[in-house]
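Colleague: Starting from the given sequences, assemble the full structure and let the hints guide the process.
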Amino acid sequence: MPSQTHARRAFLRSAGQAAIAWSALSYSRILGANDKINMGLIGAGERGRGVMGNFLKTGDTNLVAACDVYAEMIDRAQKMAPGAKGFKDHRQLLEEKGIDAVLIATPDHWHSTVAIDALNAGKDVYVEKPLTLRMEEGPLIVKAARVNNRVCQVGLQQRSGAHYIEAKKKYIDEGVLGKISLVRTWWHGNGYHLRKAPPSLATLPSNLDWARFLGPVKWRDWDPQQFWNWRAYLDFGGGQVTDLMTHWIDVVHMFMGTDSPTSGVAAGGVYCYKDGRTAPDTINVLLEYGNEFTATFEATLAPGIRGEGIEFCGTKGKLYIDRRRYEYTSAERGAKPVEVMGPNYDFTLDHVKNFLECCKTRQRPNCDVYTGHRSAMASHLGNISYVQKRRLNFDPLREEILPL
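Per our numbering, the sequence shown starts with residue 5, numbered consecutively.
Take these hints with a grain of salt, some might be off.
[Stated by the list, open to error] Below, simulated PhoX-like cross-link-like pairs (lysine-lysine); rule was C-alpha separation at most 25 Å, straight line:
#	residue 1	residue 2
1	Lys40	Lys101
2	Lys101	Lys172
3	Lys61	Lys173
4	Lys40	Lys173
5	Lys340	Lys172
6	Lys83	Lys101
Quick caveat, the hints were computed from the structure, so don't treat them as lab data.
Modeller: Here you go:
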């Protein structure tokens, strides 16, 4: 049985010789080094348009189509690219033969369906994190990417951040921190999880397809808050754990060279905002990585506390890093911190550039679909523990929660 397990994991990682030796016949349009890539945007809300803005900023893409269940969002996307076609159903957009790649920025409960449909349609895919709403969706998306020989980048942009790469090389790869036994991560006061629906949505707009927004989720009557602030509802997303922790746990995986938690436990609740949300407003997650180290995540929306970061704690020192800077402090008594500032721009642009380059070279991107799946999986372990109110033991090779 162990040989079957390792074979399965190897398939998901590399998909065999066929995925490496992709043929020209499998690619919808052969891209030259100077060709612009025709993009479709699926999920044209604020985040989707923001990331698409980075695509357009490269000067290497054309936005030719936009899809959303809310026509107003399509209108806003078309202001970025006059002439782009508008669609309510992503399947119609994917039928457009001139589209080379898509950006998926829908709510999480649509990620799996849209990504698999896009990959099967021969499109390269950039999908926002988390890759999945449910742990079991990940292998299906990985398989679709490998079988169809598609580039699939997950929007965990720290993988392309220059100061993350620099800090890892300087302090982790060179062993400056010594043995790392604890990694602390936290993200407090993220305002996106407290968004209030505008008055214009008090009644269902005639140009918003509520049934299609719900998609695979069980029916409920129009609720503007669930539409506008879907991150606060576990039917649509994973709350702060998959929205925020997934970013940070991916950095932990990147720096520590492992993506295999062996247990997880979480505690939290809706303590501050009794507004109908089902995702906790306060949460603590603890993951164990074999006999090597533990990683924690702490988040609250409670007023009065804000900030986010990661701290790697070793026998010879500690390394703090966030999206703006990193800081190393030696364990020697009286040592002064050494601070380095990161780039003064949104390095999502670097992640986008990496994806576009891979669309032309057919190389694996910095946050390949398998990598994104494993980081989402670790976060899901925390959410499942929270819901089930118990510690979970986990087999990272089989990707299964072990029975009690």
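Colleague: Checking each numbered hint in turn, tell me which of them this model violates, lowest number first.
Modeller: Violated: hints 2, 3 and 4.
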